[in-house]
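Trainee: Note that our numbering gives residue 125 to position 125 of the sequence shown, counting from 1, and the numbers run on in steps of one.
Do not take every clue at face value.
As the list claims (entries may be wrong) - Here are the computed lysine to any residue pairs in the SDA-like style, where the Cα-Cα straight-line distance is at most 25 Å:
| hint | residue 1 | residue 2 |
| --- | --- | --- |
| 1 | LYS136 | ASP90 |
| 2 | LYS97 | LYS81 |
| 3 | LYS81 | ASP131 |
| 4 | LYS160 | HIS103 |
| 5 | LYS81 | ASP114 |
| 6 | LYS43 | GLU84 |
| 7 | LYS48 | GLY15 |
| 8 | LYS75 | ARG89 |
| 9 | LYS75 | ILE105 |
| 10 | LYS86 | VAL111 |
| 11 | LYS160 | LYS81 |
| 12 | LYS97 | LEU65 |
| 13 | LYS48 | LEU65 |
| 14 | LYS81 | PRO44 |
| 15 | LYS86 | PHE28 |
| 16 | LYS86 | ALA29 |
| 17 | LYS86 | ALA40 |
| 18 | LYS97 | GLU84 |
| 19 | LYS160 | ASP131 |
| 20 | LYS61 | LEU125 |
Everything labelled a hint here was simulated from the structure, so no lab data went into it.
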Amino acid sequence: MTEYLNVGKIVNTHGVQGELRVLSVTDFAMERFAPGNELALFKPGEQKPTRVKILTHRQHKNFDLITLENVYNIKLAEELKNSELKIERDRVQALPKGEYYHHEILGCQIVGEDGTVVGVIKEVLSTGANDVWIAKGANGKEQLIPFIPSVVLDVNVADKIVTIEIIEGLLN
Numbered sequence: 001m002t003e004y005l006n007v008g009k010i011v012n013t014h015g016v017q018g019e020l021r022v023l024s025v026t027d028f029a030m031e032r033f034a035p036g037n038e039l040a041l042f043k044p045g046e047q048k049p050t051r052v053k054i055l056t057h058r059q060h061k062n063f064d065l066i067t068l069e070n071v072y073n074i075k076l077a078e079e080l081k082n083s084e085l086k087i088e089r090d091r092v093q094a095l096p097k098g099e100y101y102h103h104e105i106l107g108c109q110i111v112g113e114d115g116t117v118v119g120v121i122k123e124v125l126s127t128g129a130n131d132v133w134i135a136k137g138a139n140g141k142e143q144l145i146p147f148i149p150s151v152v153l154d155v156n157v158a159d160k161i162v163t164i165e166i167i168e169g170l171l172n
């Protein structure tokens with residue numbers, strides 16, 4: 001079964017010519033929404049995607065505006081509101097060493113270099129300077145782990161284990 005990753009959500013229409021307002025959730029918007037690219041469109045409540053082809057893409061304020069093949073008026077565009085745009089996992093390009101997609105990090109267990117279990121990564125926050133991983137421990141407490149070299153010693157996405165140095169004041 002094909003696995004898909006979210007790249008954006010159609011939140012509204014823009015104008016009357018079928019342009020769609022997309023709230024992007026990808027770091028690669030220029031590539032994902034490039035004219036000619038194909039994505040999987042999941043309408044609300046549907047499990048099976050429809051293949052769509054991007055015709056145009058531009059950015060406007062905090063949104064990506066796209067047009068799709070065969071969506072040429074507001075009536076057709078309205079039918080796509082709240083749909084998810086996704087890409088097949090096997091079409092995702094490799095990142096440079098030391099960089100990870102959020103889906104690779106989520107669910108990883110964080111352990112100290114001494115074997116202390118800190119918790120499981122439930123969320124990734126992008127702060128601008130560095131990501132912060134929110135891990136939930138067995139005791140239910142949330143731990144904030146900064147993704148910086150002095151704290152994160154090793155990331156093994158295959159085994160879903162992240163090893164950190166537990167510096168003073170890091171854990172609550």
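Trainee: Straight-line Cα separation of LYS97 and LEU65 no greater than 25 Å?
Mentor: 32 Å, violated
Trainee: Below or equal to 25 Å on CA atoms is what counts here, so check LYS97 against LYS81.
Mentor: 37 Å, violated
Trainee: Are the Cα positions of LYS48 and LEU65 separated by 25 Å at most?
Mentor: 24 Å, holds
Trainee: So if I understand the rule, the pair passes when the alpha-carbon distance is 25 Å or less; does LYS81 with ASP114 pass?
Mentor: 50 Å, violated
Trainee: Can the restraint linking LYS43 and GLU84 be considered satisfied, given a maximum Cα separation of 25 Å?
Mentor: The hint holds at about 7 Å.
Trainee: Under the criterion that the straight-line Cα-Cα distance not exceed 25 Å, is the pair LYS81, PRO44 satisfied?
Mentor: Roughly 9 Å between the alpha carbons, so the hint for LYS81 and PRO44 holds.
Trainee: For the pair supplied as a hint, LYS86 and VAL111, is the alpha-carbon distance within the 25 Å limit?
Mentor: 32 Å, violated
Trainee: Could you grab the alpha-carbon distance between LYS86 and ALA40 and see if it respects the 25 Å cut-off?
Mentor: 5 Å, holds
Trainee: Against the 25 Å threshold, does the CA-CA distance of LYS86 and ALA29 hold or violate the hint?
Mentor: 12 Å, holds
Trainee: Holds or violated: LYS75 with ARG89, Cα cutoff 25 Å?
Mentor: 31 Å, violated
Trainee: Is LYS81 within 25 Å of ASP131, Cα to Cα?
Mentor: 30 Å, violated
Trainee: Need the status of pair LYS75, ILE105: alpha-carbon distance at most 25 Å?
Mentor: Not satisfied, since the Cα-Cα distance of roughly 40 Å exceeds 25 Å.
Checked against the numbered hints given earlier, this structure breaks hints 1, 2, 3, 5, 7, 8, 9, 10, 11, 12, 18; the rest are met.
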